[in-house]
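Residue numbers (the working numbering), protein chains in the order written: chain A, 1 to 432; chain B, 1 to 406.
One or more hints might be untrue.
[Claimed, not checked] Pairs of lysine to aspartate or glutamate residues, derived as EDC-like cross-links and limited to a Cα-Cα distance of at most 16 Å, are as follows:
| no. | chain 1 | residue 1 | chain 2 | residue 2 |
| --- | --- | --- | --- | --- |
| 1 | B | 17 | B | 57 |
| 2 | A | 415 | B | 57 |
| 3 | A | 408 | B | 51 |
| 4 | A | 250 | A | 237 |
These are computed hints drawn from the structure, not numbers from a lab.
Predicted, not measured: the structure shown is a model, and the values here were computed from it.
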Amino acid sequence: MTPNAETPTPAWETTGSPVIKIIGIGTAGVALLETLATAEFAGAHRVAVSTDQSSLNVSTTSAKLLLEAKGLRGLGTGGDAERGYALAEENVAGLKSACTGAQVVLLLAGLGGGAGSGITPVVARVARESGALVLAFVTLPFDCEGNRRSAQAKASLAQIKAFADGVICLPNQKAYKLIDEHTSVVDTFRITGGLLLEAIRGIWQLMTRPGLIQIHLADLCALVRDKNAEGVFAFVEASGPARSREVIDKLLAHPLLDEGKALTESDAVMVSLMAGSDLTMAEVNRVMEQITRQCERAQVIMGAMVDDAWKTRLSVTLIAAKHSAPPVPEPVETAFHRPARIGGRPTPTVTPSPSASPVANPGPSPLQMQQREQLVKQHAPGGRRKADGKMKQEMLQLGTITKGRFDKCEPTIHKGEDLDVPTYFRRGMPLN
Amino acid sequence: MFDEANLIVGLEIGTSKICAVIGEINTEGALNIIALGQAPARGVRKGEIVDAPLAEECVRHAIVEAEQMANVEIRDVFLGVTGGHVRGFTNRGVHRVLSADRNITEDDVSDVVKNARAINLPAENSIIHDVRQHFLLDGQPGIVNPAGFVGKLLEVDVHVVHGVTNRMQNSVRLVRNLNLEVNEIVFNGLASALALLSSEQKELGALVIDLGGGTTDYVVYVNGVVRHTGVFAVGGDHISNDLGHGLKVPLSRAEKLKVEYGTAVPDEAARGQSITITNEMNLPIKTLNLEHLQRIMSLRLEELFQIIRLDLEEAELLPYIQGGVFICGGGARIPHIAQLAETIFQAPVALGHTGSLSGLKSALDQPEFLTAIGLVKYGSMRSPKPAPAGFLPNLKTMFNRFLPQR
Numbered sequence: 001m002t003p004n005a006e007t008p009t010p011a012w013e014t015t016g017s018p019v020i021k022i023i024g025i026g027t028a029g030v031a032l033l034e035t036l037a038t039a040e041f042a043g044a045h046r047v048a049v050s051t052d053q054s055s056l057n058v059s060t061t062s063a064k065l066l067l068e069a070k071g072l073r074g075l076g077t078g079g080d081a082e083r084g085y086a087l088a089e090e091n092v093a094g095l096k097s098a099c100t101g102a103q104v105v106l107l108l109a110g111l112g113g114g115a116g117s118g119i120t121p122v123v124a125r126v127a128r129e130s131g132a133l134v135l136a137f138v139t140l141p142f143d144c145e146g147n148r149r150s151a152q153a154k155a156s157l158a159q160i161k162a163f164a165d166g167v168i169c170l171p172n173q174k175a176y177k178l179i180d181e182h183t184s185v186v187d188t189f190r191i192t193g194g195l196l197l198e199a200i201r202g203i204w205q206l207m208t209r210p211g212l213i214q215i216h217l218a219d220l221c222a223l224v225r226d227k228n229a230e231g232v233f234a235f236v237e238a239s240g241p242a243r244s245r246e247v248i249d250k251l252l253a254h255p256l257l258d259e260g261k262a263l264t265e266s267d268a269v270m271v272s273l274m275a276g277s278d279l280t281m282a283e284v285n286r287v288m289e290q291i292t293r294q295c296e297r298a299q300v301i302m303g304a305m306v307d308d309a310w311k312t313r314l315s316v317t318l319i320a321a322k323h324s325a326p327p328v329p330e331p332v333e334t335a336f337h338r339p340a341r342i343g344g345r346p347t348p349t350v351t352p353s354p355s356a357s358p359v360a361n362p363g364p365s366p367l368q369m370q371q372r373e374q375l376v377k378q379h380a381p382g383g384r385r386k387a388d389g390k391m392k393q394e395m396l397q398l399g400t401i402t403k404g405r406f407d408k409c410e411p412t413i414h415k416g417e418d419l420d421v422p423t424y425f426r427r428g429m430p431l432n
Numbered sequence: 001m002f003d004e005a006n007l008i009v010g011l012e013i014g015t016s017k018i019c020a021v022i023g024e025i026n027t028e029g030a031l032n033i034i035a036l037g038q039a040p041a042r043g044v045r046k047g048e049i050v051d052a053p054l055a056e057e058c059v060r061h062a063i064v065e066a067e068q069m070a071n072v073e074i075r076d077v078f079l080g081v082t083g084g085h086v087r088g089f090t091n092r093g094v095h096r097v098l099s100a101d102r103n104i105t106e107d108d109v110s111d112v113v114k115n116a117r118a119i120n121l122p123a124e125n126s127i128i129h130d131v132r133q134h135f136l137l138d139g140q141p142g143i144v145n146p147a148g149f150v151g152k153l154l155e156v157d158v159h160v161v162h163g164v165t166n167r168m169q170n171s172v173r174l175v176r177n178l179n180l181e182v183n184e185i186v187f188n189g190l191a192s193a194l195a196l197l198s199s200e201q202k203e204l205g206a207l208v209i210d211l212g213g214g215t216t217d218y219v220v221y222v223n224g225v226v227r228h229t230g231v232f233a234v235g236g237d238h239i240s241n242d243l244g245h246g247l248k249v250p251l252s253r254a255e256k257l258k259v260e261y262g263t264a265v266p267d268e269a270a271r272g273q274s275i276t277i278t279n280e281m282n283l284p285i286k287t288l289n290l291e292h293l294q295r296i297m298s299l300r301l302e303e304l305f306q307i308i309r310l311d312l313e314e315a316e317l318l319p320y321i322q323g324g325v326f327i328c329g330g331g332a333r334i335p336h337i338a339q340l341a342e343t344i345f346q347a348p349v350a351l352g353h354t355g356s357l358s359g360l361k362s363a364l365d366q367p368e369f370l371t372a373i374g375l376v377k378y379g380s381m382r383s384p385k386p387a388p389a390g391f392l393p394n395l396k397t398m399f400n401r402f403l404p405q406r
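Please put together the full structure from these sequences, using the hints given.
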C-alpha cells in the first residue's frame, strides 16, 4: 500500500483538476521541460533535476534540484548510469520532497546518458511511493550513438517500466522516417522533442480540460496501470471538410505507429479528439470506427473535447499501450488499490490480476528490498570509497582511432558501429 | 591411379589459409577423402582477395600439395565463397491451384518454387544458393512434398543466399587462371554445416558458427532445412588487430600472443599477471598485462556472439537451436570458446568434428578443414553417382530410379 493512499486529496475531488508535477531529468529532460514553459501548461509545477549545473542554469523553473556528489564538481555523471543511480539514491529525500503533494507526476527524460538513465527510475519509484500516478515520457537514443548508450537506455527503460504506471517511449531512430537528407541535427532533435511534447500535451489536455465526452483519470489509469505497459502515441491534425478522413489517413500512415501495425498489436488504445464546436457526431463516429477496426483486440477509450479556438481544425491524440508479459513475476504494487484517489470510484472495466490481491498488497518483497539495498550500497559512494578512494581518471579519446590492418579495407558496419575498431576501445575499457 | 571422373575437389580460399581437399566416390557410391593440401594465405582480407598474384601463388601451393598427396591431377573444383557482402534471406512464393479438382501436380510444385525464387535483388547481386524449405498448403505448414495433395493455395519458403557478383567472380577468375574449372560456387557457411551436422542434428535444429580468420559465417538448420544464414566480416584477424592495438605490439607479435595466451573467458588467475615478451636474442623487450590481453580478446568474441544471437532473436530462431551450437574454423581452437558460447546462446555447444566421412585420418579432422571437406560433400551431392560395375549394383541403381529420391 502506498504511504499516502489514505490521505485525502481534496483538490482533486472538488475541482476535478489534479495537481500535476512535470519533472525534467537530465540535460535532455530539462531542455524538454523548457519547451513546456508556455501559458498552456501554466497550471503545472515544473521541476528540473540534473547532475549538471550548466544545464540547470538554462532552466527557467524555480524548482531546481541539483544532484551532486563531491567528486563530480557539478560536471555531470560522465554518461555513467550507475553513477546517476547512486547519486539519486543518495538524494532520495530531495526527490521525495519534490514529488510530494502531486497526484500526477510526468517524467521527461532522454535515456542513454548518465543522468537520464540513472535518475529516472529512482524518481519514478519515489514519486510512486509518495502516492502519485507516474507517467514517464522518454526518448531512446539513435542507433548511431553507440551500443553502450542504447544498452544503458534499454536497461533503464526496463527499470522505469517496473516503477512507473505508464511509459511512453519514443525511439529516436523512428524519427528518421520523419526527416530527410537535409534536416539538420538541431532540427532533428527539435522534431523528436516536439513529438514527445505532443504526447504530453495530449495527456495534459485530457486531464485539465473539461471534455464533451470526458475521459476520466480513472480511465487513463486503467489504460496504463499494467506496470509493463509501453505506449506509443501519435498526434495528427487536419482541417477542412474532409478532416475526419484526413486524420485517419494520417494516423494509419504515422511512422510512430509503424504504419498502423502498432494499433493491431495494442491491448489498449486511448483516443482523444479535439475540435471546434462544429464537430459532428458523424465525424466522431467515422474516426472511431476506423480506429476500432484497426485494433480489434484492444480496449478502446475515447474522449472528445470542444474548444472554440480550434475552429475548423480536428486533432486526434492516440495513445496505444501494449502490455508485454512481465519478465519476472514480481509482486507489483499497482494502481488497483487507489480507487479512493482516482475520482473516488472503482473502475469496473479492469479486473485485478490474481497476483495482486485487493486485500493485502504484498509490496516489494523482502528479497527485492534486500537486493535494492545491496544495489544502493554498491553504488553509494561511502561503500565505494575503499575501492576507489580517488576518482578514476579516464582518458579522453583524443586523436583518430586507427584500425590497424583494416585501415584500407571496406569497413564492417553493423547497426552504426564500425566493427573493425577494437571492441575494448568502443566499450571504453580502461587500459592502464 | 584413380578414375579422375570420380574426383571431387573442394577449394576454400580463406583469409588465413587456403585449403584444397580431394574426395573420391568409391564403387559403393560413398564419399572418401583421399588428400588435403593447404598453404598459408596472403593477399586475402576479410574473406576476399585483395592481391590477386599473391593469392594465386598460395592457391597453387595448396592445389599442388593436394595433388601430390593423392597422386592425381585436379581439373575442376567446388569453390567456397564468403565475405561481408554475402546475405541470406527467406522469401515466400505463392501459387493458386487452378485445376477443377484442386489436385496438386508436379507442375504446380515447380511453379510455386519458381515464384519463390523470383525476388528483387540489387542489379549487381546474384544468387549463390536457393534452398527450398517446407511447403504450406492452405496455410498448413510443414509439408515436405505436396504433389498429389488436394488444396487451393500452395506456398513455399525458399532461403536465398546472394552476394555481389563481381566480388565473387574475383576468386573464380583467380582459380580459372590456374587452368582449373569451377563447377559451382558454394557459400562457406553452408559447406561447414554440411560437413558438421548429421541429419538428426539438422532435424533438431542447430546453429553452425564458422569462426574464420577474416569472416564469421553462420547457418541455422531447423526441421532439416536451412532457415537462416549470415556473414560478418569479423574474425580471428580482428582479435589479433585488437591485441596489437591495445597492447601496442606489432601484428605478427599479437598473432603469436593470441595463440599462446588467448582465451575466450578471462580467468581469475590472470589478474595482475604479466608476461614478458623477448626478442630473438631472448632479451626482454616489453612487459604486458595478461589480464588486459584476455579481456580485449574476450570482449571481441563476446560481441561477435552477441551480434549473432541478436540476429537469431530478430529472426525468431533462438528457441529452435536445441540440437546445439557447433563451432568450427580456427576460432574453435580458442580455449574456453565453448564456455563463452554456452553462456550466450544458452544451448549445448560442441566444437566441430566431422564424423560422417570415411577415409579421413584423425590428423585431417580439424576444425579448420571443415569448410573444404564440406565443399567436397556438397560436390558429392551435386555430382551424378558413377555407374558401378557389375550386374547386381546395376539392378540396384535401376530400382533406385523408381524410388523417391530424398
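Now for the hints, and whether the structure bears them out:
no.: 1; hint: B:17 - B:57; verdict: 12 Å, holds
no.: 2; hint: A:415 - B:57; verdict: 37 Å, violated
no.: 3; hint: A:408 - B:51; verdict: 13 Å, holds
no.: 4; hint: A:250 - A:237; verdict: 8 Å, holds
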